[in-house]
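Asker: For reference, the chains in residue letters:
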Amino acid sequence: MAKGDLLGEFELYVMLALAHLGSEAYGAAIRREIAQRTGRDAVIGAVYATLARLEAKHLVRHALSDPVPVPGGRARKCFRLTPAGERALAESTSMLGRMMKGWRPRQAE
Amino acid sequence: MRPLPLLARWLVAAAAPPDDRLSIVSDLEDEAAAMAREAGVAAARRWSAMQAMRSVPPLLASRLSIAATATRRASMQIWQGWRADARVALRRLRQTPGFTAVCVATLALGIGGNTAVFTLIDRVILEPLPVPRPSELYRLGDTDACCVNTGLEGSFSLFSYDLYRYLQPTVPEFRDLAAFQANVRTVLLGYPDPDAASETLESQYVSGNYFQMLELGPAAGRLIQPADDAPAAAAVAVLSHRAWSQRFGARPDVVGTAVTLNGVPATIVGVAPRDFYGETLRPNPPDVWIPLSNEPRLQPMARLLEAKSSHWLYIIGRLKPGVDAASLQPRLTAAVQRWVTATVTLSNQEQQDVPRQHVAVVSARTGVSSMRDAVAPSLRLLQLLAGAVLLIACANLANLLLVRGMGRRVETAVRVALGAPRSRLAAEWLVESLLLALAGGAAGMAVAVLGARAIIAIVFRGAAVIPIDPSPSPLVLGFAVAASLLTGAVFGCAPAWIGSRSDPVDAMRSGGRTTSERGSRLRRALLAVQVALSLVLVSCAGLLARSLANLQAQDFGFRVEGRYAAAFAPSIGVIPADRLAATYADMQQRLLHVGGVRNVAFSLYSPMSGDNWSSLITVDGHRPDERLMASWNRVSPRYFDTTGTPVVRGRAIDERDGPDAPLVAVVNQRFARTFFGNDDPIGRHIGFASSQGGDRTFAIVGIVGDVKYQNAREPAYPTFFLPFLQRPRAASGAAAPLDRSQFPQALEIEAAAAPASLAGDLRRELARVDRRLTIRQLVTMQDQVSGHFNAERLIARLAMVFGGVALLLACLGLYGLTAHAVARRTREIGIRMAIGASRPAILETVLRGAFGHLALGLALGAPAALAAGRLLQSTLFGVSGQDPSVLAVAVVLLAVAAGVAALLPARRASSIDPVQALRGD
Numbered sequence: 001m002a003k004g005d006l007l008g009e010f011e012l013y014v015m016l017a018l019a020h021l022g023s024e025a026y027g028a029a030i031r032r033e034i035a036q037r038t039g040r041d042a043v044i045g046a047v048y049a050t051l052a053r054l055e056a057k058h059l060v061r062h063a064l065s066d067p068v069p070v071p072g073g074r075a076r077k078c079f080r081l082t083p084a085g086e087r088a089l090a091e092s093t094s095m096l097g098r099m100m101k102g103w104r105p106r107q108a109e
Numbered sequence: 001m002r003p004l005p006l007l008a009r010w011l012v013a014a015a016a017p018p019d020d021r022l023s024i025v026s027d028l029e030d031e032a033a034a035m036a037r038e039a040g041v042a043a044a045r046r047w048s049a050m051q052a053m054r055s056v057p058p059l060l061a062s063r064l065s066i067a068a069t070a071t072r073r074a075s076m077q078i079w080q081g082w083r084a085d086a087r088v089a090l091r092r093l094r095q096t097p098g099f100t101a102v103c104v105a106t107l108a109l110g111i112g113g114n115t116a117v118f119t120l121i122d123r124v125i126l127e128p129l130p131v132p133r134p135s136e137l138y139r140l141g142d143t144d145a146c147c148v149n150t151g152l153e154g155s156f157s158l159f160s161y162d163l164y165r166y167l168q169p170t171v172p173e174f175r176d177l178a179a180f181q182a183n184v185r186t187v188l189l190g191y192p193d194p195d196a197a198s199e200t201l202e203s204q205y206v207s208g209n210y211f212q213m214l215e216l217g218p219a220a221g222r223l224i225q226p227a228d229d230a231p232a233a234a235a236v237a238v239l240s241h242r243a244w245s246q247r248f249g250a251r252p253d254v255v256g257t258a259v260t261l262n263g264v265p266a267t268i269v270g271v272a273p274r275d276f277y278g279e280t281l282r283p284n285p286p287d288v289w290i291p292l293s294n295e296p297r298l299q300p301m302a303r304l305l306e307a308k309s310s311h312w313l314y315i316i317g318r319l320k321p322g323v324d325a326a327s328l329q330p331r332l333t334a335a336v337q338r339w340v341t342a343t344v345t346l347s348n349q350e351q352q353d354v355p356r357q358h359v360a361v362v363s364a365r366t367g368v369s370s371m372r373d374a375v376a377p378s379l380r381l382l383q384l385l386a387g388a389v390l391l392i393a394c395a396n397l398a399n400l401l402l403v404r405g406m407g408r409r410v411e412t413a414v415r416v417a418l419g420a421p422r423s424r425l426a427a428e429w430l431v432e433s434l435l436l437a438l439a440g441g442a443a444g445m446a447v448a449v450l451g452a453r454a455i456i457a458i459v460f461r462g463a464a465v466i467p468i469d470p471s472p473s474p475l476v477l478g479f480a481v482a483a484s485l486l487t488g489a490v491f492g493c494a495p496a497w498i499g500s501r502s503d504p505v506d507a508m509r510s511g512g513r514t515t516s517e518r519g520s521r522l523r524r525a526l527l528a529v530q531v532a533l534s535l536v537l538v539s540c541a542g543l544l545a546r547s548l549a550n551l552q553a554q555d556f557g558f559r560v561e562g563r564y565a566a567a568f569a570p571s572i573g574v575i576p577a578d579r580l581a582a583t584y585a586d587m588q589q590r591l592l593h594v595g596g597v598r599n600v601a602f603s604l605y606s607p608m609s610g611d612n613w614s615s616l617i618t619v620d621g622h623r624p625d626e627r628l629m630a631s632w633n634r635v636s637p638r639y640f641d642t643t644g645t646p647v648v649r650g651r652a653i654d655e656r657d658g659p660d661a662p663l664v665a666v667v668n669q670r671f672a673r674t675f676f677g678n679d680d681p682i683g684r685h686i687g688f689a690s691s692q693g694g695d696r697t698f699a700i701v702g703i704v705g706d707v708k709y710q711n712a713r714e715p716a717y718p719t720f721f722l723p724f725l726q727r728p729r730a731a732s733g734a735a736a737p738l739d740r741s742q743f744p745q746a747l748e749i750e751a752a753a754a755p756a757s758l759a760g761d762l763r764r765e766l767a768r769v770d771r772r773l774t775i776r777q778l779v780t781m782q783d784q785v786s787g788h789f790n791a792e793r794l795i796a797r798l799a800m801v802f803g804g805v806a807l808l809l810a811c812l813g814l815y816g817l818t819a820h821a822v823a824r825r826t827r828e829i830g831i832r833m834a835i836g837a838s839r840p841a842i843l844e845t846v847l848r849g850a851f852g853h854l855a856l857g858l859a860l861g862a863p864a865a866l867a868a869g870r871l872l873q874s875t876l877f878g879v880s881g882q883d884p885s886v887l888a889v890a891v892v893l894l895a896v897a898a899g900v901a902a903l904l905p906a907r908r909a910s911s912i913d914p915v916q917a918l919r920g921d
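So the sequence lines, in the order shown, correspond to chains A and B.
The numbering of the first sequence is our numbering, which starts it at 1 and goes up by one.
The numbering of the second sequence is our numbering, which starts it at 1 and goes up by one.
It is worth saying that the hints were derived from the structure and are not from the lab.
The beta carbon of each residue, even a glycine, is placed where N, CA and C say it ideally should be.
Among the hints, a few may not be true.
Quick look at which bits of chain B chain A covers, simulated, 3 or more residues with Cβ under 8 Å [stated by the list, open to error]:
no.	segment
1	7 to 16
2	21 to 30
3	54 to 62
Assemble the whole structure, with the sequences as input and the hints as a guide.
Answerer: So, in structure tokens, the structure goes:
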């Protein structure tokens, strides 16, 4: 990962979701994974926008499923992490871990 | 009911990038369906709607950034494409240095010439005064009436001080209405210390609100204010920035210095801003400005300020915004007519002229335009000439580019056959043409800068100060760049288009040796146009040169060889009346003894100095109310001898014509013919119409030959000459007071072989007569006469330069065309020679072809040249615009030059080795 190219928060969530899902996932699955784990309702549009950004950075890639047999039907996109993406994810999360080491959230009173 | 509302689906589909549309919509459908199963359709619909709405912003943002990246990438590609083309083009151009050099030189001449002329037009005609909001400035009067007028003017442009004060209150729409001396006169600047050297400065009298009207701030000290223009105010002066830098070393302590102006104590109170040269563009702009109220003290002989009927001031004012200048004209006209009727004593004739008197109000955005008006027609003519040269240059360039295109037919054909798009090829060639054009434009800028400097130096020849900055303004630079790009684009397109149209098979088969009909015809047409334009330019140059020669070689009526002229400093006005006769005699005596001097005389003005004094006169035998106008001059004894003016009958003015002798006059032949017809004027009487009563007429004692004093193109004006010392007597017998015409302004010298120290010697002798007397600007009479024709000389020279360039370009064009034709037909010529054609026959064939093109061009050009001559007619002297001999010479010149140009390739053709020609392909 290039120096200074830190992953944004949502980018991290999307990539983590992809990592959890293991192999390829549709955008819906990613969204549901994030929603279930974080407890906040992720927006499908935001997920796709983030996936486009990640793809431009070559951290994820998509494959097209078989075209739907309807007129003008385009193939559906199916995403997975690239090796570079996996490395970036590992690095980002370990950095975060190191930053968090020794810190505990203050209990709300 | 669907779990995914239609609106939501539509929203998301619209916002999403096309590639993701299906995916997102499918995802939403899946999730909506799942939710419908879990929580019911209504909840699913609500959730989908919310998802859709919140998805729109991120999706749109994503789309925008994708688009931006794509655009950036695309423009990078386009940019790199052009860079690649440029690199290729530069390499090609470097490989053919001769071709490139000729193209660049051709364009440089064409563009440079135009830019030089345009620079001048910008600076001389268009450039506004360097003051705030110059478009608010308006001038009363629209003619160049310089410099002092008495009587009625028709269109009033000069105003007396009294008239100026009278008009001021009638036009409150002017925020400030200022008056200033119409011309610039020298003043003697001295210092309280009698040993300090005094110097002459150009000065101008201005009203107290002059600088206020112009809204200028001082560079040092302060500027003239209304309080300085009061009759009792102490005398002050403001220096020009140039004078301050050059004559006073830009010392800040100059402000506040006590000086004397023409002997009157004054204080220098400030310095004008750097770029300010006055309100009139002129060579020798004022070095010092002085308030009007000081004029009577500094010019006791003139006292123009107090002369109600002496009009010597121009008026310019700053109009309040929103006022229509034309609406002031009727009011001003009425005011002038009232003033004239009340103030001036009018003859019957003049009474009838009063309704004709009017005042025009014109824009003074560029100041007073007398010099501009004089130079403008010449500049326009130059523009036409330069434009013609540019056209020729462009035609040449087009020809060259076409030839180059033809030469690349094989390469083009191969590339097209391999699949290169024609648009790509055309683009490449276009870039090449643009690069050539830009290089030509850059070189042209250098030509322009040098050319503009040279032209200004000629126009202002003899001036001590040139107020025009010859460096090109951004406007001009933009013009040059635009001209070059336009040229490159237009003339690069044609060859590019033609070349890309070539049929590849055809091109490769004949080895690129046959040219398409279309290209060849275009080239021949271009050449014909070039030849025609060249003929026009050369012919015009010939006409202008002939006209200039006629102007300069004409007989002005006096002798020029061995004659010199100088101007007296105005300090001569300090000589008191009772010492006048003695001083003048003393001057002539002493100056005669200066080494090398054969004859000395002085007058109000010398021949061909451009000056002229004229007045209304009365003549014996004519009715008193006839409007008779004549020019006149005051001359010393030996004047006609010194200037070489022949005395035809009677005698010249000499020593006996003193203050107590009978009043006499000498007239020129034109005067005699005009007012006396065939009768003998000797013994008859003439006088000034303005003198009344007493012994006021002069007896004519001699007739001299006609001499031109002011206008070289017209015959000499009817002129009479008076002695310096004589003045009409009043009825009581008392002599009238001295007037300024009795002080000479010009000195004439005849010297056999003048030593270099002549000026210094003369000054020394004059100083011995009176320390305050001195002369300036000693020039040979030849220079004085030549200086009169600076503008004509400039035009003629430039026309010759342009004509020469045009001729050269036309020859280059013909050479190129012929050489190319020979190259093209090498095989054919080889065959002919192989089957028996002789070398002279080949030579003749080629030359005949070349001359055919030439003849076509000449046939087109001859009527155009005649038409151009008709247009020039008004500026020509002594030669008709349609003079056949000039045209004939031009035709012959072109034919000879073209013949030489065509001869070289023709000779090459005739020495072709037939074996080589047939073998080579």
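Asker: The structure should be examined with respect to each hint, and the outcome stated for every one.
Answerer: Checked hints:
1. 7 to 16: Since 3 is at least three, the answer is holds.
2. 21 to 30: holds (count 8)
3. 54 to 62: holds (count 8)
Hint compliance for this structure: every hint is met.
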